[in-house]
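In the order they appear, the protein sequences are chains A and B. Numbering follows the working numbering, with no gaps: position 184 of the first sequence is 184. Numbering follows the working numbering, with no gaps: position 44 of the second sequence is 462.
Source of the hints: derived by calculation from the structure; they are not laboratory data. Please note that a few of the clues may not be correct.
Unchecked claim - As a list, the in silico EDC-like pairs of lysine to aspartate or glutamate whose alpha-carbon atoms are at most 16 Å apart:
hint: 1; chain 1: A; residue 1: K85; chain 2: A; residue 2: E38
hint: 2; chain 1: A; residue 1: K324; chain 2: B; residue 2: D473
hint: 3; chain 1: B; residue 1: K468; chain 2: A; residue 2: D295
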Amino acid sequence: MKKLFLTTIGLYLLLLNAFSQKSSADSTGYAPKPLNLEEVNLVSSYYTQNGDHSPVTGGIGTEKVTDLSNGLDVKFTGVDLKGRKHTITAGFGVDHHTSASSAFVSKTGASQTGGSRIYPSLNWEVENPVKKRTFGAGLYYSSEYNYQSFGLDLEYSKKTKTNGEFSAKANAYFDQVKMIYPSELIPGTTTTTDGGTTTYTTASGRTVTLGGGEDKKYNIPSSPRTTVSGSFSFAQIINKRLQGSISVDVVGQSGYLGLPFHRVYFTTGTDAVENLPSSRFKLPIGARLNYFLGDKVILRSYYRYYVDDWGIRSQTASLEVPVKITPFFSIAPFYRYYTQTASTYFAPFEQHKETDTYYTSNYAYSAFSSGYFGFNVRIAPPKGLFNSYLNTLEIRYGHYTQTTDLVSNVIALAFTFK
Amino acid sequence: MIMTKFTRQKISILPIKQNFMIKNVVIKIVVAVTGILMAASCANVKAYQKSRLNDSEMALSGRKIEKTDANFQSYREGSSGANGGKTGGGCGCN
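All chains, please: the whole structure from these sequences, using the hints.
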């Protein structure tokens with residue numbers, strides 16, 4: 001009887017303990033954490049090209065260009081009291097380029113041939129792991145001698161219950177194009193007096209008068225260009241080895257959409273600054289499909305169809321095949337094919353009539369095909385290279401050719417520190 | 419009795435060429451989205467089965483190092499966008 005009584009008491013106490021460990025359902029994905037440096041990325045590249053259809057000289061002449069580019073971005077992450085993950089990414093880029101054809105902005109070939117561009121950026125994202133949605137916003141700025149840009153974007157993404165994700169992004173750029181004309185085509189009246197006064201007239205008729213030693217570089221008028229776009233994408237896991245996505249961008253541009261130092265030569269031999277419409281509507285649609293073949297090979301494919309209201313239709317297809325030599329070392333050969341139709345407004349050197357309303361001899365708007373091939377090497381050992389903070393090293397080389405005879409090479413290095 | 423044939427004439431806000439362009443692209447979008455949504459019905463993949471999908475080279479975006487590729491292509495070609503990069507603006511590119 002005593003044993004039965006003690007056993008009953010013991011069972012009752014066991015039952016109580018079984019429920020004492022029960023806690024309320026964890027409603028947050030992450031524990032609160034202050035903002036911490038998570039990752040630093042550095043990408044540097046060297047680009048060279050040559051061709052014989054420079055738009056500065058009306059569709060003929062050297063297209064020799066070199067560009068040295070460096071971009072750094074720093075990522076901070078933290079978790080707030082509601083369990084939402086915040087990511088702040090600050091970026092800064094510097095490009096320096098030389099362009100042989102830029103010398104001929106001046107008829108005598110005396111213009112400067114090099115320039116630099118700086119482009120800082122700031123992005124913020126907040127992810128709610130419980131509701132599986134993410135909001136984000138970004139600010140961008142770019143400045144080079146003849147072009148300034150201010151951009152911003154807002155983005156939203158939501159994961160589905162079936163391993164999918166919808167994303168939407170609204171983006172706007174507000175740019176100013178400095179109206180640097182070819183020397184023989186500077187519009188309006190240029191007057192030089194004994195005091196050194198010079199008068200420039202903008203395309204809208206506004207005049208700017210400079211004198212008394214002012215540096216005219218800082219007072220060249222500019223024209224605005226605005227780009228607004230909406231991007232929509234949907235990604236889906238299809239099975240354990242296959243996932244794909246589809247993206248659509250809807251883009252509208254308005255303002256000065258050409259470049260003021262691009263010449264066009266008419267059938268009569270006279271030249272003018274290229275004249276393009278003040279609006280453009282673009283509709284690219286792209287799809288990606290990635291497949292893990294076996295244990296060591298990945299197939300990364302991409303296709304894009306593009307159409308705009310300037311008459312350009314293009315198709316892009318690329319395939320990259322990373323081969324994992326070891327789990328932490330891969331080599332990925334790639335090939336990209338591109339083909340486009342000519343814009344309605346394009347014609348080669350001395351093919352435009354003076355009666356044409358819009359005209360350009362920029363071969364980026366001509367009909368052509370291109371091929372781009374190369375390889376990507378990626379090294380990412382789990383403890384970092386040489387047991388350091390250098391988590392990943394990538395090297396990429398590519399060779400690009402167009403049927404317009406433009407040829408270029410690019411080599412890039414990417415470092416990720418964690 | 420004389421039979422007259424009436425042909426129905428569509429009144430289009432956009433020029434016929436642009437109508438065809440937009441219709442063509444919309445058909446492509448619908449087919450692609452339908453394909454992806456149909457594939458979604460097969461997506462019964464658990465978290466522990468995603469080891470291959472989570473490989474960094476399986477990501478459905480360009481590599482960071484590809485930014486240079488996208489950059490020079492936007493200057494040298496007439497089209498851009500639908501690849502996570504620039505769609506226009508921000509530079510003196512196309």
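Each hint tested on the structure:
no., hint, in the structure
1, A/K85 / A/E38, "holds, 13 Å"
2, A/K324 / B/D473, "holds, 11 Å"
3, B/K468 / A/D295, "holds, 14 Å"
The structure agrees with every numbered hint stated previously.
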